[in-house]
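Visitor: Using the hints, put the two standalone chains together into the complex.
Spelled out from the first residue to the last, the chains are:
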Amino acid sequence: MSDQDISKEEIEAVFPKAAEIIADALGCDEDEVQLTSSLIDDLDAESIDFLDIVFRLEREFKVKIPRGKIVEDARGDLSEAEFEQGGIVTDAGRANLKSFLSEVPEDRFSNPMKSADIAKLFTTETFCKMVVRLQKEG
Amino acid sequence: MSEHSTKTSGLVDGVALVTGGSRGIGRAVVERLAADGMEVIFTFLSNQEAADEVISENPDRKITALKVDVRDSHACRACVDEIFDRTGRIDVLVNNAGIVRDNLLAGLEDDDVREVLKTNVEGTFNMSRAVVPFMMSKRSGKIVNLSSVSGDKGGRGQTNYAASKGAINALTKSLAVELARRGIRVNAVAPGVIETDMSQEVRDMAGDEIRKNILLKRYGQPADIAHAVWFLCSDFSDYITGQILSVDGGFKMG
Numbered sequence: 001m002s003d004q005d006i007s008k009e010e011i012e013a014v015f016p017k018a019a020e021i022i023a024d025a026l027g028c029d030e031d032e033v034q035l036t037s038s039l040i041d042d043l044d045a046e047s048i049d050f051l052d053i054v055f056r057l058e059r060e061f062k063v064k065i066p067r068g069k070i071v072e073d074a075r076g077d078l079s080e081a082e083f084e085q086g087g088i089v090t091d092a093g094r095a096n097l098k099s100f101l102s103e104v105p106e107d108r109f110s111n112p113m114k115s116a117d118i119a120k121l122f123t124t125e126t127f128c129k130m131v132v133r134l135q136k137e138g
Numbered sequence: 001m002s003e004h005s006t007k008t009s010g011l012v013d014g015v016a017l018v019t020g021g022s023r024g025i026g027r028a029v030v031e032r033l034a035a036d037g038m039e040v041i042f043t044f045l046s047n048q049e050a051a052d053e054v055i056s057e058n059p060d061r062k063i064t065a066l067k068v069d070v071r072d073s074h075a076c077r078a079c080v081d082e083i084f085d086r087t088g089r090i091d092v093l094v095n096n097a098g099i100v101r102d103n104l105l106a107g108l109e110d111d112d113v114r115e116v117l118k119t120n121v122e123g124t125f126n127m128s129r130a131v132v133p134f135m136m137s138k139r140s141g142k143i144v145n146l147s148s149v150s151g152d153k154g155g156r157g158q159t160n161y162a163a164s165k166g167a168i169n170a171l172t173k174s175l176a177v178e179l180a181r182r183g184i185r186v187n188a189v190a191p192g193v194i195e196t197d198m199s200q201e202v203r204d205m206a207g208d209e210i211r212k213n214i215l216l217k218r219y220g221q222p223a224d225i226a227h228a229v230w231f232l233c234s235d236f237s238d239y240i241t242g243q244i245l246s247v248d249g250g251f252k253m254g
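Line by line, the protein sequences are chains A and B. Residues in the first sequence are numbered from 1 upward in steps of one, following this note's numbering. Residues in the second sequence are numbered from 1 upward in steps of one, following this note's numbering.
Hints listed in this document are in silico derivations from the structure and should not be mistaken for laboratory results. Some clues are possibly wrong.
As the list claims (entries may be wrong) - Label pairs and their computed distance ranges (CB to CB): (1) 68/A - 212/B: 50 to 60 Å; (2) 177/B - 41/A: 19 to 29 Å; (3) 27/A - 235/B: 15 to 25 Å; (4) 114/A - 177/B: 50 to 60 Å.
Claimed, not checked - In silico DSS-like cross-links for lysine-lysine, where the CA-CA straight-line distance does not exceed 27 Å: (5) 114/A - 62/A; (6) 62/A - 136/A; (7) 138/B - 62/A; (8) 114/A - 17/A; (9) 136/A - 8/A; (10) 136/A - 98/A; (11) 7/B - 62/B; (12) 138/B - 120/A; (13) 114/A - 8/A; (14) 69/A - 17/A; (15) 67/B - 62/A; (16) 153/B - 7/B; (17) 252/B - 64/A; (18) 120/A - 69/A; (19) 98/A - 17/A; (20) 138/B - 69/A; (21) 173/B - 153/B; (22) 136/A - 114/A; (23) 118/B - 153/B; (24) 17/A - 138/B; (25) 67/B - 64/A.
This one's a predicted model, so the numbers in the text were calculated from it and none came from an experiment. Ideal Cβ positions, reconstructed from N, Cα and C, are used throughout, including at glycine.
So that you can see chain B by itself, here it is in the shape it has in the complex (with noise of 0.2 Å):
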């Protein structure tokens, strides 16, 4: 029998960090991660009963929820030291937790760029400056960070959004080199359309026409991404790195 038939993802036991785990896409990673008995720790801003029905509704996998601003940089090294003193690993760190706060270019506020950028870029840089020395030292690791579409392609009332994506995008190809060394392998999945609360009034908004260019003709789900971004945690998955995998139906431009 050969090898490759036989291999497994490797996650079983393993232990991951997912941010902004409590809804959306982000449950949806949650979940399929702990399916494959990973212990699964997300952070969640403020929404508590959406983080206690995570777990409650999974009573069987090792899930657990802290409550972190990936804005705060002490806050993230907090949280991290805490898992690691408790679990003494981190296998997988999934950089989830992001905001949108669209509008056309002249109708941004200050805080709509600030906030948007703070949370999308900055809070990804401060969860993966805590875990990476952990993931350096014992010379193995996956990061995932979650792009969009919108990263590459640009979208009309996204460009706070998309600005963050491109960064994350960027972040993703730079942090891949870096640690490549430390076997730590660094990839994105950028989602196209997805039927969650997050884009719910875009979708609203424009439904028809963003529908008329997705090739597949459908929403994505957060299942779509999250199988995605349980392939780029796997074993499956170890000659990748650096790499944006778009997970959109086939997303055109227009």
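Bound conformation, chain A alone (with noise of 0.2 Å):
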């Protein structure tokens, strides 16, 4: 599902819940969380506050929420061997993160880019747009 599907509106529509439950799990100030604030690199998330995050978000938003969802849909068409190789991100593996995850600047796609460094890309707003994919397919 490309960007285009989802909106302004609809990413801003989220927000303000997705924030409060992103600013409750890492016990940091509502005001942190920005749209663009990066999970791991500005508000210090480590992978089990992630699966708070997660949990908060399925029993918030009302959606199901796989393990993995976000690096899986960024894939795309690409086979998981297309994708990386020896914990690295291939070109067009990076290719396709960067189309899926456009709200993330430029920059911050490192080259090469461990698969293990894939989550530092993630901001508040990914996971507003994730929330918002899953409750369309419903």
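Guide: Pasting the structure below:
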């Protein structure tokens, strides 16, 4: 699903609640949680925090968020082997990531990029978009 | 007056989920926690009569029974969702549901191995996976797993059971590490030989030999275990996590 399907209004409709959830899960102030905030780099999120955030988003927005959903969607039509090799994201994989995570500034996509570092790209907006997509999938 | 002399268990009005609570140790745990003013929900597999008896014999306590097969992860999740939707909290999880299918290794059938591991280990995984997200969000909680003296010391005719309890010990320690930063303590109680239905056959077959190996020269009672579980659920054990507490009368291998 391309970003043309998700409007600014749709993102902004989910943002307040998503920001509240992220702030609560990370134990920070709500005004620290901007749309552009990277959860790991700006807000110090760890893997257990991601689990908590996903759990709370599921309950709040009544969606089911499978593990690895963002990366799986970003991979698009590439196979796993075409997306990453030996823990490094391929050029094709990075192109798909950039296109999918259109809310993330270009300069944050390092080259080479380790697959383990993909989560560092995720921002509040990334999660808002995911929620909107899942709500539409019904 | 110093703070520690007035400290209470902190359990009153909390919500506890105990798996396998209709008989034996499970029942004793249910009653002990309920006696401290907790609302206790326990699961049982099929013995409706025993489950009803726990409730009817404790009329002044807040106790509910839910028929849940802990081997079914979806059923565990549904049960926990139901509890949380109704009460808004889960403070304590006691993973007690467990079975034995004793035999010397060469005499074990596929089912004897599979079912013991499925109920004892997977059951603990299933219920913990369902409950932990709620505790994580709340940044507090106590999980107590029922292990066994055989998980550490082994036991003749108990390769499957001992393996399952060894797994519980390892699970307990790993989960304690994972959840510490969310304020959740995870410990286990390892009972010795306790006078319950589950150990009847073992006690009948090898009673005297077993008692020789117990320093305190008696079998344990379900209440002995329930008190230990209660302690690990209470605020008194706030500085304890990742531990396996043996409650076995000083049980020696032999």
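Visitor: Against the 27 Å threshold, does the CA-CA distance of residue 98/A and residue 17/A hold or violate the hint?
Guide: holds, 26 Å
Visitor: Has the given pair, residue 114/A with residue 8/A, been kept, meaning a C-alpha gap of at most 27 Å?
Guide: Roughly 30 Å between the alpha carbons, so the hint for residue 114/A and residue 8/A is violated.
Visitor: Within 27 Å, alpha carbon to alpha carbon, are residue 7/B and residue 62/B?
Guide: holds, 23 Å
Visitor: Please verify whether residue 136/A and residue 114/A have alpha carbons no more than 27 Å apart.
Guide: Cα-Cα ~31 Å, so violated.
Visitor: Holds or violated: are the alpha carbons of residue 114/A and residue 17/A at most 27 Å from each other?
Guide: Cα-Cα ~31 Å, so violated.
Visitor: If you draw a straight line from the CA of residue 136/A to the CA of residue 98/A, is it 27 Å or shorter?
Guide: This hinted pair holds, its Cα atoms lying about 22 Å apart.
Visitor: Under the criterion that the straight-line Cα-Cα distance not exceed 27 Å, is the pair residue 173/B, residue 153/B satisfied?
Guide: Roughly 17 Å separates the two Cα atoms, so the pair holds.
Visitor: Can the suggested window of 50 to 60 Å be confirmed for the beta-carbon pair residue 68/A and residue 212/B?
Guide: holds, 55 Å
Visitor: Residue 136/A and residue 8/A: Cα distance at most 27 Å?
Guide: holds, 15 Å
Visitor: Hint check: residue 114/A vs residue 62/A, CA-CA at most 27 Å. Holds or violated?
Guide: violated, 32 Å
Visitor: Does the structure keep residue 62/A and residue 136/A at a Cα separation of 27 Å or less?
Guide: Satisfied, since the Cα-Cα distance of roughly 12 Å is no more than 27 Å.
Visitor: Need the status of pair residue 69/A, residue 17/A: alpha-carbon distance at most 27 Å?
Guide: holds, 20 Å
Violated hints for the displayed structure, listed by number in ascending order: 4, 5, 8, 13, 16, 17 and 22.
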